[in-house]
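Asker: Read off the chains here:
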Amino acid sequence: MEKTVLEIRNLTKRFDGAGVLNDISFSVREGEVIVIVGASGCGKSTLLRCINRLEQPDGGEILLDGKPVGGGDMVAVRRQIGMVFQSYDLFPHMDVLGNLSLGPVQALKRPKAEVEAEAKAALARVGLADKLHALPRQLSGGQKQRVALVRALLMHPRMLLLDEITAALDPEMVREVLNVVLDLARDGMTMLIVTHEMRFAEAVADRVIFLDGGHIAEEGAPDQFFHHPQTERARQFLNTFEFDSIKKS
Amino acid sequence: MDTEFMRKFLPMYVKAAGLTLRLGAAGILLSLVVGAVCCWVRFAKVPVVRRVAGAYIELARNTPLLVQLFFLYFGLPKVGIKLSAETCAVTGLTFLGGAYMAEALRSGMEAVDPVQNEAGLCLGLTPAQNLRFVILPQALATAIPAIGANAVFLIKETSVFSAVALVDLMYVAKDLIGMYYKTDEALLMLTVAYLALLLPLSIAFSLLERRLRHAGFGRAV
Ligand SMILES: Nc1ncnc2c1ncn2[C@@H]1O[C@H](COP(=O)(O)OP(=O)(O)OP(=O)(O)O)[C@@H](O)[C@H]1O
Ligand SMILES: [Mg+2]
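Protein chains in written order, with my numbering: chain A, 9 to 257; chain B, 315 to 535.
Treat the hints loosely; a few may be bogus.
A partial selection of chain B residues facing chain A, derived with a Cβ cut-off under 10 angstroms [as the list claims (entries may be wrong)]:
#1 Asp427
#2 Glu432
#3 Cys436
Chain A residues, not near chain B, derived (Cβ > 10 angstroms throughout) [what the hints assert, rightly or not]:
#4 Asp73
#5 Glu124
#6 Val188
#7 Gly196
#8 Arg243
Just so you know, the hints here were simulated from the structure itself, not pulled from any lab data. For each residue, glycine too, the CB sits at the ideal point set by N, CA and C.
Model the full assembly from the supplied sequences, consistent with the hints where possible.
Answerer: Okay, here's the thing in structure tokens:
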């Protein structure tokens, strides 16, 4: 039985009185990949942002390796949880190497030469060895997101939170980014992934969580969820991805 | 044109230009400090102080420097505070410039995408590290053109210093016209003197701006 990395207990979050997350509880084991799906606005991003306190939860508890998150040193917790967003969030005034080494050198106080050597090797693994000194604006969307993934990985986090990292990409670039994530999953990286790419979700997930109305409406193994959904809401949601069901009139 | 006259009084202009430059530079640097503090107070949303900073900015930007100077030089002694003419000049210039610099810095801060702040925090940077390595470099790059324009504007504003009996460029020109009636020569030299001060400043800021843009900073053009 693997260790539990992240445990979420009865998490609630309201915006202006409206409940966005209601009593969410689940845990993530070491090496596990959980994919969170649900309709737009159901609270997927809010859930991820509560985990590393970009949003302040209104109730419940979050434990990282058994220790409560929040109420203290959030900086230390964020160093253990990597996050990549949908929008390209590389630092535009630094080249790729600068983007990659800022966190390890400044936050972790590691020696610069050592970090840069590691950054070079990591960049080569995602096929961007020649982009070491490129500026973010000189990269394609897919290249930027791969650099953003490497930037998060160089912090050697306990787990990664990925929020629709391919949503703003052209279709031909989605693949190159998702392949990196699949490699990470194979290497045993613990991840919480929000995505609208259902084929990818099925391929990468150990477990799927379906959010609806601020609750976990369904939770299960990917082949069960995608092929035999238990709830009516999940069936409706999955149907929106089935173009066959749209009849020509 | 009386070139003999011009040659004779050139040293007076040079000396006055030195004063203009010295007081102007002091005012610009202090303005940046005041502006940075105001900007910080507003972004950190410090209660009350933030409103005071807002009120100060409106007051300073909507009153002429000459009036501010008269207040410092002629008004304050009435309540027992007597400042030297130079102190009044630098204080007045800083009072005016601080408000303009605060606005320039604010526009720079506002141009930084909020997601940049979150990206830095997610990397485990402390808020101070985030400000230093992620936010400020981008904000300053955007603010540089406005800061440069303010610097030039403030040097030009020093031309009212003669009103508090400081022997600046304007004072020298007015003096020479009054004494010798060489209006054309005195004004020509005055114009050239201001150009000699301000052109290099403008060019320096343009070069800086271009370099930052070339380095991929900011979002200009
Ligand atoms: N800062 C905020 N202030 C107020 N309401 C917010 C804020 N952030 C999110 N919300 C609301 O909370 C709800 C959940 O938003 P969230 O971004 O978590 O949804 P999501 O599932 O990630 O959607 P999408 O798939 O479109 O990204 C939405 O109704 C949204 O309008
Ligand atoms: Mg979202």
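Asker: Please go over all the hints and tell whether each is borne out by the structure.
Answerer: Evaluated hints:
Annotation: B/Asp427 was flagged as interfacial toward chain A, and the flag holds, the nearest CB pair being 8 angstroms apart, inside 10 angstroms. The restraint placing B/Glu432 at the interface with chain A holds, with a minimum CB-CB distance near 6 angstroms, inside the 10 angstroms limit. At a threshold of 10 angstroms, the smallest CB-CB gap from B/Cys436 to chain A is about 4 angstroms, leaving the interface hint in force. The claim that A/Asp73 is not at the interface with chain B holds, since no C-beta of that chain comes within 10 angstroms of its own (minimum 16 angstroms).
The non-interface label for A/Glu124 is consistent with chain B: the shortest C-beta to C-beta separation is roughly 16 angstroms, beyond 10 angstroms. Against chain B, the non-interface label of A/Val188 holds: every CB pair exceeds 10 angstroms, the least being about 18 angstroms. With a closest Cβ-Cβ approach of about 22 angstroms to chain B, A/Gly196 is found to remain outside the 10 angstroms limit, as its non-interface label requires. At roughly 35 angstroms, the least C-beta separation between A/Arg243 and chain B is larger than 10 angstroms, which holds for a residue marked as non-interface.
Hint compliance for this structure: no hint is broken.
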